[in-house]
Amino acid sequence: MINKVRKTHKWLMAFIGLQFLIWSLTGLYMVTMDIHFIHGETLIQKRAAAPDLSKVDYSFNALLSDYPNANAVRLGEYMGTPVYRFVDADKGKLVIDAQSGERLPLVDEQTAVQLAQRYFNGISTVNSVQLISEGDPIPSELAPRHIPVWRITFDGMASPTLYISQHSGEVVTKRHTFWRAFDWMWRFHIMDYDDGENVSNWFLLIIGMLGTVAALSGATLTYHRFTDAKKERAM
Amino acid sequence: MQMSGINKTLHKWLSLLIGLQLLIWLGTGLYFNLMDSSKASGNGQRVSVVHQRPDVVQDLLPVSAISSAAPMRVGLLWLFERPYYQFIYEQGEHSYQPKREQLFDAYTGEPFSLNRMQALNIARRSYSGDGEFSAAELLEPPFDDYVQQQNPMWRVIVKDEFNTSIYLDGVTGQVLKHVTDDVRLKELMLKLHFMDYGNSGGFNHWLIISVAIATLMLASTGVIWLVQQYRSGLLSINVGSRPRTIAVNLQHGERIQVQVSANDTLLDGLACAQLYLPSICGGGGTCGKCRFNTSQQLSITSADRERISAQDLRAGYRLGCQHLASEVQDIEAVFTPRAPRRR
Ligand code: FES
Chain A
0 MINKVRKTHK
10 WLMAFIGLQF
20 LIWSLTGLYM
30 VTMDIHFIHG
40 ETLIQKRAAA
50 PDLSKVDYSF
60 NALLSDYPNA
70 NAVRLGEYMG
80 TPVYRFVDAD
90 KGKLVIDAQS
100 GERLPLVDEQ
110 TAVQLAQRYF
120 NGISTVNSVQ
130 LISEGDPIPS
140 ELAPRHIPVW
150 RITFDGMASP
160 TLYISQHSGE
170 VVTKRHTFWR
180 AFDWMWRFHI
190 MDYDDGENVS
200 NWFLLIIGML
210 GTVAALSGAT
220 LTYHRFTDAK
230 KERAM
Chain B
0 MQMSGINKTL
10 HKWLSLLIGL
20 QLLIWLGTGL
30 YFNLMDSSKA
40 SGNGQRVSVV
50 HQRPDVVQDL
60 LPVSAISSAA
70 PMRVGLLWLF
80 ERPYYQFIYE
90 QGEHSYQPKR
100 EQLFDAYTGE
110 PFSLNRMQAL
120 NIARRSYSGD
130 GEFSAAELLE
140 PPFDDYVQQQ
150 NPMWRVIVKD
160 EFNTSIYLDG
170 VTGQVLKHVT
180 DDVRLKELML
190 KLHFMDYGNS
200 GGFNHWLIIS
210 VAIATLMLAS
220 TGVIWLVQQY
230 RSGLLSINVG
240 SRPRTIAVNL
250 QHGERIQVQV
260 SANDTLLDGL
270 ACAQLYLPSI
280 CGGGGTCGKC
290 RFNTSQQLSI
300 TSADRERISA
310 QDLRAGYRLG
320 CQHLASEVQD
330 IEAVFTPRAP
340 RRR
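If you're matching them up, the sequences are chains A and B in order. By the count of numbering that gives the first Met the number 0, the first sequence reaches residue 234 at its end, each step adding exactly one. By the count of numbering that gives the first Met the number 0, the second sequence reaches residue 342 at its end, each step adding exactly one.
Mixed in with the good hints, there may be bad ones.
A few chain B residues that face chain A, going by a derived Cβ cut-off under 8 Å, partial list only [unchecked claim]: (1) Met71; (2) Tyr196; (3) Gly200; (4) Gly201.
Derived from the structure by calculation, the hints contain no laboratory data. For each residue, glycine too, the CB sits at the ideal point set by N, CA and C.
Could you build all of it, start to finish, from the sequences and the hints given here?
Written out as structure tokens, the structure reads:
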């Protein structure tokens, strides 16, 4: 009986034991790396600058009469000026100067770099600047709804990258090597090797079930080992 | 003790220590694989709440007229056809992180807080089923149904078959979550998978880190064990090999011929022929009971070396569970093989 169990454990693990090693390695990475660090929260200086409300000459009132279909209006700050950011049902994402009421132009390269340096937590030089707009290939780490964006990469071993919306001048997402590595760990953990979005894949199901049988047989062996050793000593 | 012995001992003790959590990981992992994610989202009865705004909006106070500390940001939102300024003073990356904010009536400039009736009204509008609603309550964290949330929330309990609870943002009344029994089950599974027995709401805590390290050691010692088995020739399958006959000399002088399968270990092969070498560990190479003797020159496996003295090894003693039946032709059973033990 115990022989069968031992064989089951041995042969199943001979085939899928490597996945157990992968599960424990990737799991260990994911639990030891602080998730807020992984999500790049330390790449950004905490405090966004506050808008100076006394400078707001173009009021919410005026905004609503000029853009009656404005949704999700937020009054914030952009390069020292108070600005409104909102989504217009017809015109899309807009940024309006809250002093003059003028629409702000799309963020140009020079401003994008300046913004990135202001947002970035730390001292590092900008390594590369790239505009990603409609029609360009979109890196998988960027959600398509954010384009057009400036992709700004800093020097440094984790190659920190900020994505700055060309519309709003805000950081829409960020990445660094540890986050990218985390995504790969996740893919290997759930055995979905393309985009890591499908936990319900067949491969995981089959290996997971075989793995459960293998682990249960291992548990039986452990139980047998520790109870029989006791009996032996008693004899 | 030799390296391979330490490896096996470690493997066993680690499995004793963390085996249960390993099984929990596998079980909950399979649950995530198989669960119905639309049910587990809790959004089965949820509809989005649209706050109507009046056709004509006039005479909003300028934001500078609101008496308040300087905000980081000001939003404009509509509740019951009335505009409110949302002054945000402090906010984390995620909405569940602690934040400070206040609503002001955009017509009068008065600070505004939702009341129970309004919260209940919003909750009702977010729900498409036909359950019975309890009164809305404004509650402080922590929340069993939403462990990560660190801000106050309104809760409305609905009596329906799913035991729905509706949670709204404590300040803005925004619908945050519909929690059903399916959601609670999923949260429980997540808690088990993340070993979040201290309700930290996350998976970056010392308990899971130490168990993860132990698990990595359990897996590595297992892999090393397999490599040792492979080296000892115990992980090979001879496809289509014919059964062979070996001669077994029993202790009282009797000599018998036994048919064994070439793929079995000697211990298993003899057992098939009702000849039972003694064994406590059941073929694990750890008890050292399954000795036999042969005059053939057999290789010495790592388990042989551990369990048998150098002198006995030279004299031809080996462990029956560590050698394939195909390796031997003529052996001597050291102990009288016993009859099958029935348990
Ligand atoms: S059966 Fe225990 S060592 Fe062979």
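Against the structure, the hints come out as follows:
1. With a cut of 8 Å, the hint placing Met71/B at the interface with chain A holds, because the nearest CB-to-CB distance is about 5 Å.
2. At a threshold of 8 Å, the smallest CB-CB gap from Tyr196/B to chain A is about 14 Å, leaving the interface hint violated.
3. Contact between Gly200/B and chain A, as hinted, is not supported at the beta carbon level, the nearest pair being about 11 Å apart and thus beyond 8 Å.
4. At a threshold of 8 Å, the smallest CB-CB gap from Gly201/B to chain A is about 6 Å, leaving the interface hint in force.
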